[in-house]
Structure formats: C-alpha cells, structure tokens
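Trainee: Take a look at the letters that make up each chain.
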Amino acid sequence: MSTHTETQNLTLVQAVRDGLRTEMQRDGDVIVLGEDVGKNGGVFRATEGLYDEFGDDRVIDTPLAESGIIGTSIGMAAYGLRPVPEIQFMGFIYPAFDQIVSHAARIRSRSRGRFTCPMVVRAPYGGGIRAPEHHSESKEAFFVHEPGLKVVIPSTPADTKGLLASAIRDPDPVVFLEPKLIYRAFREDVPTGEHTVPLGEAAVRREGSDVSVYTWGAMTRPTMEAAENLAAEGVECEVVDLRTLSPLDRETIVDSFEKTGRAAVVHEAPRTGGLGGEITAILQEESLLYQEAPIERITGFDTPVPLYALEDYYLPSPTRIEDGIREVVDFP
Amino acid sequence: MSDVFDRDPDDRVQVLDESGELVGDPPDLADDELVALYRHLRLARHFDERAVNLQRQGRMGTYPPLAGQEAAQVASAMALEERDWVAPSYREHAAVHVHGLSLADILLYWMGHGAGGWRTDVNVLPAAVPIATQVPHTTGVALASKLRGDKAVACAYFGDGATSEGDFHEGLNMAGVFDVPAVFLCNNNGWAISVPRERQTASPTLAGKAVAYGIDGVQVDGMDPLATYEVTRAAVEKARTPGERPRPTLIEAVQYRFGAHTTADDPTVYRDEAEVAEWRRRDPIPRLERFLRETGRLDDATVDEIETSVREQVSAAIERAENTARPEPDAMFDDVYAEPSPALRDQRAALHRLRDRHGDDAFLKD
Numbered sequence: 000m001s002t003h004t005e006t007q008n009l010t011l012v013q014a015v016r017d018g019l020r021t022e023m024q025r026d027g028d029v030i031v032l033g034e035d036v037g038k039n040g041g042v043f044r045a046t047e048g049l050y051d052e053f054g055d056d057r058v059i060d061t062p063l064a065e066s067g068i069i070g071t072s073i074g075m076a077a078y079g080l081r082p083v084p085e086i087q088f089m090g091f092i093y094p095a096f097d098q099i100v101s102h103a104a105r106i107r108s109r110s111r112g113r114f115t116c117p118m119v120v121r122a123p124y125g126g127g128i129r130a131p132e133h134h135s136e137s138k139e140a141f142f143v144h145e146p147g148l149k150v151v152i153p154s155t156p157a158d159t160k161g162l163l164a165s166a167i168r169d170p171d172p173v174v175f176l177e178p179k180l181i182y183r184a185f186r187e188d189v190p191t192g193e194h195t196v197p198l199g200e201a202a203v204r205r206e207g208s209d210v211s212v213y214t215w216g217a218m219t220r221p222t223m224e225a226a227e228n229l230a231a232e233g234v235e236c237e238v239v240d241l242r243t244l245s246p247l248d249r250e251t252i253v254d255s256f257e258k259t260g261r262a263a264v265v266h267e268a269p270r271t272g273g274l275g276g277e278i279t280a281i282l283q284e285e286s287l288l289y290q291e292a293p294i295e296r297i298t299g300f301d302t303p304v305p306l307y308a309l310e311d312y313y314l315p316s317p318t319r320i321e322d323g324i325r326e327v328v329d330f331p
Numbered sequence: 000m001s002d003v004f005d006r007d008p009d010d011r012v013q014v015l016d017e018s019g020e021l022v023g024d025p026p027d028l029a030d031d032e033l034v035a036l037y038r039h040l041r042l043a044r045h046f047d048e049r050a051v052n053l054q055r056q057g058r059m060g061t062y063p064p065l066a067g068q069e070a071a072q073v074a075s076a077m078a079l080e081e082r083d084w085v086a087p088s089y090r091e092h093a094a095v096h097v098h099g100l101s102l103a104d105i106l107l108y109w110m111g112h113g114a115g116g117w118r119t120d121v122n123v124l125p126a127a128v129p130i131a132t133q134v135p136h137t138t139g140v141a142l143a144s145k146l147r148g149d150k151a152v153a154c155a156y157f158g159d160g161a162t163s164e165g166d167f168h169e170g171l172n173m174a175g176v177f178d179v180p181a182v183f184l185c186n187n188n189g190w191a192i193s194v195p196r197e198r199q200t201a202s203p204t205l206a207g208k209a210v211a212y213g214i215d216g217v218q219v220d221g222m223d224p225l226a227t228y229e230v231t232r233a234a235v236e237k238a239r240t241p242g243e244r245p246r247p248t249l250i251e252a253v254q255y256r257f258g259a260h261t262t263a264d265d266p267t268v269y270r271d272e273a274e275v276a277e278w279r280r281r282d283p284i285p286r287l288e289r290f291l292r293e294t295g296r297l298d299d300a301t302v303d304e305i306e307t308s309v310r311e312q313v314s315a316a317i318e319r320a321e322n323t324a325r326p327e328p329d330a331m332f333d334d335v336y337a338e339p340s341p342a343l344r345d346q347r348a349a350l351h352r353l354r355d356r357h358g359d360d361a362f363l364k365d
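Heads up: the protein sequence lines correspond to chains U and S, in order.
The first sequence maps to residues 0 to 331 in numbering that gives the first Met the number 0.
The second sequence maps to residues 0 to 365 in numbering that gives the first Met the number 0.
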C-alpha cells in the first residue's frame with residue numbers, strides 16, 4: 000500500500016484518469032489506445048486530457064475494430080510495451096474475445112514465458128444507467144473462467160486508481176472492468192501520485208458477526224445500504240468487496256464465513272454460471288462444517304439484460320438484497 | 000442510368016447538385032412518388048427533432064439522431080419492395096419506417112420498451128447495436144432467399160466505422176463468394192463518434208473496398224435523394240435479376256451527421272462548427288424542395304399541408320408510445336427460449352413473491 004498522505008477528492012472515473020496519467024508519467028512504455036480515447040477524451044471522459052499531455056503516440060485513437068484493438072495490443076505487449084486498450088462498453092468486447100482468450104491469456108504458456116502479455120483491457124460494465132441495448136452487460140464470469148487472465152472490478156475511487164496501477168505493472172493480462180453506474184456517484188480522497196492496491200486481496204467493507212455478504216463493483220453500494228438497514232433490525236452483516244475476481248482471495252472469503260457461518264453472494268450478472276456459484280463452492284470445500292444455512296445467491300436473472308423500462312426489476316436492489324440476506328439469517 | 004456500376008469508386012453519382020440543380024438523369028419516379036419522397040424527408044427530420052427533445056426532457060433514453068442523413072435512408076428504402084429484407088444499424092429510423100415499422104414502434108424501442116423495434120409483418124431485423132454485425136446477417140438472409148428460389152433482396156445499413164470491423168469483411172467476402180442478392184448500404188456520415196473517416200481507413204474510398212470482394216462498389220452523394228434512389232434501385236434490380244454482373248453491391252452514400260453521435264455525445268469536442276456549416280449547405284431537404292418547386296411538382300399549399308400532417312403524425316406517434324403501459328416484469332422472462340427453462344420458471348416465481356411481499360415501489364427508482 001502507498002504511504003502518501005497527500006490526496007485529491009475524486010470520482011471513480013476521475014480516479015481512472017488519474018491512475019492512467021500517473022502510470023504513463025512513471026513508465027514511458029504505457030500506451031493508451033481505443034475508440035475515441037484521444038481527442039474526445041473517451042465517451043465517459045476517462046482519458047480526458049491525456050492526448051494533450053502525452054501526444055498521439057501514447058494516446059492512440061483507433062479505427063472501430065475491437066478485435067483489431069486487442070490484437071494490436073497483444074503484439075505491442077509481446078514486443079515489450081504496456082498497452083492499456085479501452086473497449087468502449089463491455090457489451091462490445093465480444094469481437095475481441097478470440098484475441099483475449101486464445102492469445103492474450105495463453106501466449107505466456109504457449110511460449111514457456113518467451114512471450115508475455117502485460118496488457119490491461121479496460122471496459123465499463125454493468126446496468127442501471129438507462130442505456131440502450133448491449134450497454135449494460137456484466138459478464139465478468141466469461142473472463143474469470145479463462146486461465147491466464149486476471150479480472151479486477153473496483154468499487155471505490157481510491158481502489159480504482161490503486162488497482163489500475165497494479166494491473167498496469169502486472170506481468171500478465173488483466174481485464175479491468177469499471178462500474179460505470181458509479182463513475183460519478185460519489186467522491187473520495189485518493190492518494191496523489193503513485194498509488195497501488197495489490198491484486199488478489201479482498202476488502203472487508205463492514206464487519207459483522209451474523210452473515211457474510213460477498214459482492215463487488217456497482218453492487219457494493221446497494222449491499223452496504225441493505226446491511227445498514229438490517230443493522231437497524233439487529234442483523235450484523237460482514238460485507239466483503241472482492242475487488243479482484245481472478246485470482247479470488249480465498250483466505251478472506253473463508254475467514255469471514257468461518258466467523259459467521261452464513262453467507263450470501265450479490266452480483267448483477269446472470270445467476271447460472273455466475274461467480275456466486277464459485278464462491279459457494281469455495282465455502283463448501285474449505286468450511287463445510289462451519290455452515291449453518293444454505294448460501295443465498297442474489298443476482299441478475301437468467302435473461303438478457305432487459306431494455307431499460309424493466310432494468311430496475313433485473314438488477315438486485317437494496318430491498319431484494321435485504322430479502323435474500325434475511326432468508327439466510329432466518330434459517331432454519 | 001446504365002453506367003451506375005461501370006465507374007471508378009471515387010466517381011460519385013449525383014443527380015441534384017447542392018443547390019438543387021439537375022446535373023444528371025432523374026430517376027423514373029412519378030410526381031406523386033417524388034412528393035412522397037419529399038414528405039418522408041420532412042417527416043424524418045421532424046421526428047428526429049422531437050426525439051432529441053424527448054430525450055432532453057427525460058421522456059426517452061439515449062437516442063442516436065439522423066439529421067442530415069434522411070435522403071440516404073428514405074430514398075434507398077423507397078427503392079426496396081415489401082418482400083425485401085432490411086438489416087439496420089441503430090440510426091436507421093427513417094429507413095425502417097419507410098420499410099414498415101411505425102414511428103411509435105421506433106420510439107418505444109428507444110423508450111426502453113421491448114415491444115418496440117420490430118413488427119410481426121415487416122421484414123426488418125432488430126437494429127444492430129454492436130457495429131457491423133448485421134452485415135453477415137444480410138449475406139445470410141440473401142443466401143437463404145437465393146437457396147429458396149425467392150426474389151427477396153436483403154439490404155444492410157451501416158456506417159463508415161463499421162467498415163473497419165471484421166464482420167464487414169467476412170460478410171462482404173461471403174456475399175461475393177455466394178453471389179447473393181444483397182445490397183450493402185454504407186451511410187458514410189464522416190464520423191464514427193469522434194474518429195473522422197480519414198482515420199478509419201487509409202483506403203481513399205469505402206466503395207473501393209468492393210474490389211477486394213469481387214463485387215460492385217459505387218459511391219453516391221448520399222445527401223442527394225434522387226441519386227441515392229437511382230443507385231439503390233439499380234443495385235436492387237441487379238440483385239433480384241441475375242445477369243452478367245455480380246449480384247451484390249456495396250454502396251457508399253457520402254453524407255454528414257449534423258448532430259451528435261447520440262444524445263450522450265458532445266461533437267464540439269472533436270469537430271469544427273465550420274465543417275458542420277459547410278455540410279449543412281448540402282442539406283437534402285431544401286435541395287429536393289427547390290427541384291420539385293422549379294419543376295412545378297410542389298407549391299406552397301402542398302408544403303404547408305405536408306408540414307401540418309408531419310407534425311400531427313409525429314405527435315400522434317409520441318402519444319401512442321407514451322401511453323403504452325410499462326411492460327410487465329414477466330416480459331423479461333418471455334421469449335428467452337421457446338420453452339422457459341426450469342431455472343427461468345423458478346426465477347419468475349421468485350420475482351412475483353418479492354413484488355407481492357414488498358410492492359413494486361421497492362424496486363422502481365423512478
């Protein structure tokens with residue numbers, strides 16, 4: 000962790016920009032590329048000002064071609080640069096899926112380390128902003144399933160900067176998913192200058208003894224709200240923000256559960272094949288004898304993300320999260 | 000216009016110049032069809048203005064405007080027959096309306112309502128929101144029509160940015176190999192969000208890309224409704240009636256997006272107002288209006304009548320869309336599969352129980 004005391008009060012998207020800028024100043028090999036990232040400063044303004052500061056050799060506006068963006072980045076990384084490609088929305092990442100899973104994830108193992116892919120693929124993900132179709136997906140499980148990739152989802156501005164810096168410095172490819180619902184939802188003091196938060200470590204956002212609630216990204220806030228509401232009824236939730244989804248912090252996950260004996264997982268991705276199943280399996284493997292109740296999954300439904308008139312019903316809300324946690328706490 | 004396909008990719012077809020003067024052979028359209036074309040352009044422009052305002056007033060979600068691009072959409076769609084298929088991008092409101100979707104159908108989709116954006120009796124595929132994915136679909140529809148021995152032609156609409164995607168290449172390549180009855184209409188509006196056409200490809204034209212697939216490529220002034228009509232008509236005819244030439248055609252309709260990429264975009268960050276003003280001089284509506292007036296096909300009374308009826312038509316569509324009830328939450332579980340899976344049945348029931356227990360207000364943010 001950083002020891003800086005000087006801070007800036009930033010939103011999450013400003014922290015993305017600050018993290019990119021700080022790492023680009025530190026390391027001349029860090030290159031940002033993607034659609035509209037240069038002159039336009041990114042459709043969410045995550046790269047605003049970087050084009051003016053670093054020039055068009057380091058902040059590259061690309062043609063509209065996701066597979067081309069990622070494939071080109073893989074080549075740059077193999078050569079020794081540290082590309083940070085942006086995919087404008089997670090829903091548009093699929094043309095690049097082949098490049099990410101067939102090449103970025105395995106170039107190290109295919110060449111026994113002769114070639115590597117120190118690349119960070121940034122993409123905003125998730126629902127709740129009344130966006131058009133294909134702009135609200137939360138498909139982190141696709142990438143968690145792929146050996147050789149790391150997957151990170153921050154939930155606070157300070158973590159965003161610190162995790163992004165660690166991802167850029169990491170020797171392996173990282174899929175860095177940004178919760179666009181909370182890009183500008185709140186501000187937080189973020190260390191100025193170099194700041195890292197280690198990959199692979201979860202954060203306990205709220206301590207509690209009755210039930211462990213695992214979540215990440217944009218779902219952290221409604222989960223915290225549900226936890227506070229339940230506290231008023233005398234139910235103390237321990238909220239664990241996973242932050243890195245691959246590799247998972249098994250130790251923190253298990254320690255919390257062995258303390259509470261009850262668990263719920265909250266994610267906005269569809270339920271089937273979602274990460275809730277993986278976390279449940281870890282608890283079964285490690286801590287079966289501590290378990291006092293069935294583990295509840297509070298998730299998006301197994302449907303395409305509906306058009307926005309119905310998205311409030313699709314996304315787990317504080318009410319739904321509270322309801323699910325009560326099921327766990329009230330058992331048997 | 001027999002020379003439509005025998006020309007260089009940068010030899011842009013034009014019938015009406017920027018001031019509305021006739022500089023080429025006008026298409027074979029009756030007077031009432033020409034006035035209908037003009038009415039459709041006015042309708043598209045007014046619909047677009049109202050839609051942008053609905054978004055600004057919080058009555059609709061993010062919306063991609065089409066102002067400046069009416070001619071390429073309307074005139075090309077008028078060259079299609081009802082049996083033909085359209086595979087649009089998300090900006091093709093005017094084209095899909097001409098081909099049979101109601102204005103309310105289109106508004107409902109942008110209002111986040113799943114009942115919008117398609118119609119049972121209309122051959123318009125759901126708008127492709129990812130870029131260029133509809134290009135190979137168009138090849139597939141056209142191949143199916145050919146295999147069945149039907150006469151239906153498939154027409155894809157996409158932008159200049161789409162020509163950079165792999166799907167564009169793969170779709171056109173297969174269209175050439177299978178010699179399918181398809182028209183690939185590229186609405187080159189100069190900008191893919193902030194990236195100008197010159198940064199999209201080093202190729203001097205987009206029409207020229209057809210050479211690599213062994214199909215015909217034609218560049219047309221996409222803000223000239225008569226030229227766009229004629230070029231599309233010729234391409235559709237060639238697709239429908241096999242002859243000496245390859246059946247598929249890539250049409251590059253050169254035009255300009257007057258407004259933002261979407262209502263979430265601010266184009267002043269990346270392009271000059273002077274450039275916008277320059278392109279506004281080529282506005283298709285006054286161009287066609289001048290031609291129709293000077294040839295005695297349009298007078299003040301008809302223009303007034305069109306203005307009034309266009310306003311009424313758009314207002315009625317907005318009213319219909321806004322009066323459509325919010326869809327039932329069950330709708331999101333419908334049509335995921337022909338038969339819902341056991342998990343979906345369980346999840347639908349669980350949502351019912353939650354709504355019964357807490358009431359809908361506990362879920363809805365607004």
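The set of hints was computed from the structure by calculation and includes no laboratory data.
It is possible that some hints are incorrect.
Stated by the list, open to error - Covered, in the sense of this in silico footprint (three residues per stretch, anywhere, with C-beta under 8 Å from a C-beta of chain U), are these stretches of chain S:
#: 1; segment: 42 to 48
#: 2; segment: 124 to 136
#: 3; segment: 198 to 209
We treat Cβ as the ideally placed atom computed from N, Cα and C, and that holds for glycine.
Trainee: Each hint needs a verdict: does it hold in this structure or not?
Mentor: Consistency of the hints with the structure:
1. 42 to 48: Since three or more residues must qualify, the claim that chain U covers the segment 42 to 48 of chain S is violated, with 0 doing so at under 8 Å.
2. 124 to 136: Coverage by chain U holds for the segment 124 to 136 of chain S (3 residues, Cβ < 8 Å).
3. 198 to 209: holds (count 3)
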